Amino acid sequence: MSKQRVEKNTAYDTLTKEKRKDKKQERKQDLQRTGAISKPANIVLNILFTLFTLFCILPFILIIILSFTDEEVIAVNGYSFLPAKTSTAAYRYIFQTGDQMLRSFITSVTVTITGTVIGVLMMAMYAYAIYRKDFRYRKQLTFLAFFTMLFNGGLVPFYMVCTQLLNLKDTIWSLILPMCMGPFYIMILRTFFQTSIPDSLIESATLDGAGEFRILVQIVFPISLPGIATIALFSTLDYWNDWFNAMLFIKSEKLYPLQYLLMSIQDNMDFLMRNSSKLTTEQASMLRKMPNESARMAMVFISTVPITLAYPFFQRYFIQGLQVGSVKG
Amino acid sequence: MFYIFGGEILSKATTSKVSKASRKKDFHLFLMALPGVAWFIIFKYIPMGGLLLAFKDFKISPDGFLASFMSSEWVGLENFKFLFMTNDAYIITRNTVVYNVIWIALNLVLSVALAIGLNEIHNKKLSKVYQTGMIFPFFLSWVVASYFVFAFLSVDKGVVNKVLKHFGHEPIMWYMEPKYWPFILTIMNMWKGLGYSAVFYLAAICGIDTSYYEAAMIDGATKWEQIKYITLPLLSPVMTTLTLLAVGRIFYADFGLFYNVPRESGALFNATNVIDTYVYRSFRQLGDVGMSSAAGFYQSIIGFILVLASNKIVKKIDPDKALF
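Just so you know, the protein sequences line up as chains E and V, in that order. Numbering of the first sequence is given in our numbering, commencing with residue 1 and proceeding in unit increments. Numbering of the second sequence is given in our numbering, commencing with residue 1 and proceeding in unit increments.
Check each hint, because a few of them may be wrong.
[Said to hold, decoys possible] Capping the alpha-carbon separation at 30 angstroms, the derived lysine-lysine pairs in DSS-like fashion look like this:
1. V:K228 to E:K39
2. E:K133 to V:K316
3. E:K133 to V:K312
4. V:K228 to V:K316
5. V:K25 to E:K133
6. V:K20 to E:K139
Treat the hints as calculated values from the structure; they're not laboratory data. Keep in mind the model is a prediction, meaning the values are calculated, not measured.
Make a model of the complete structure from these sequences and hints.
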């Protein structure tokens, strides 16, 4: 009986070997048939892409590592991917004494949400108005928005208008208002309306006696939710990452948004470090003990957490928005 | 007779009814657009009038801005003369334009190549992973990115200098040597933007009808031939539009990149100063309203002419691909 079993096994082995060879042939023919690239070419491409993707992500990982590196190790060894000693001192320091950070975080969140809501509403209404083919001022208003993409007055007049005309200096509105509309986003929304809302729908609604506002809210908004979500996400990103308006208009630290706070501690730390040689050895060693470097890196990392968390959303609507935007309206 | 008469009465009745409803509709739609219109006028069109500042010797009067504007005397092209007398005008123009030209070309070639490569990879899941990683830098601000650069290029602590020291090389004062910065800035610009553009082109490639490729394969076309004769031509509308948009902005630089990454190091200005940073610094740091207005005017006007010109050129080549 064991002899039979051995015979059976060898027959099985040869069968699987042949099967494997056939499968390999089959796969090669499949590749050729579907027009896919050869295996070696695929491997080369994968290596290249891995390198490029690493290049894109590595700096971010370095910052995370640095935020968990012990401060003295940084002072002695500098920045490294493999720290000799790790520590959570930076994060403890921030959570204990970081009321400025918290304030800036809240400011950023407030500005982002307010600005996005106001902006998306204004842009959606504007886009709907210029989308309507029977709107009397359609051409003029389209030109009004589009022209600003080609020509603008520059920094100086913009600053003058915001500070002298509108008195926005050092107010939270200076962070919100100058950024709430983007002509490019309006065009994206308009194209989205054009491709996803059939004219007949609007016509029948008008015949049923619905007013424009009603059509907008009850028909247009629900259908175009993906488009609006795309605009909202882009707008959120712009607001969250904005530091320029703060640099121009904000003086009081309690109004510093997060990105501007990161900018300002860059210089302060430089100042501290540049002057450390003038301090006594005792003062210098005390400065070293405070988690300056790792705390800065921790702050940078914390500021990117909301973006990283919302990243799946961004990815999903991002490509959609680009595709719609690339269709010339 | 009755027909015509009756018809006229009927049509008159209906026209006035229609126009009332359409006027109401127009009014409502205009109301909708009104906030936007107000915003555009305040934040975009009134500042355009401020371009006139470039022709005035702006002096602050205690009665507020409008009074200061009125009381400052017209100096014609004085501000422009001062601006172009300096060497700065040449440097900032050269930097802005040359960087943009090189980056437009590089970005186009590399992102299309990346997109085609992403499309050809066997494992689609892996392709998605690469995409996720590649577009991540796009979502970070230049402030955050400048910290990244500093982590690598810091003189005493940076990773690069440590590696150099390990190989016995002297550490380089990265933030003091302008000669490295064209490369550093280029690398950073690619780092932030390539993934974004590549995914964009990838979406366009995915929209191409596969029957084109099938037909080509039946005819015995190789991969390269397929790319050359199918993919690239079908991508060219998108490529042209994007390039045209970029060329129209050749006089404008990414302020975030040029202001944050070099960390305001004056030693690097030869390589890192662009029109936008010059306008900002001469306005906010030096308080020179005349010069900064003149530089801003210079940028806006030439930028506008370039957009019109590039659009006209594209219109001549292929009217479908023009912007307007």
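Hints and how they fare:
no., hint, verdict
1, V:K228 to E:K39, "holds, 21 angstroms"
2, E:K133 to V:K316, "holds, 29 angstroms"
3, E:K133 to V:K312, "holds, 27 angstroms"
4, V:K228 to V:K316, "holds, 24 angstroms"
5, V:K25 to E:K133, "holds, 12 angstroms"
6, V:K20 to E:K139, "holds, 21 angstroms"
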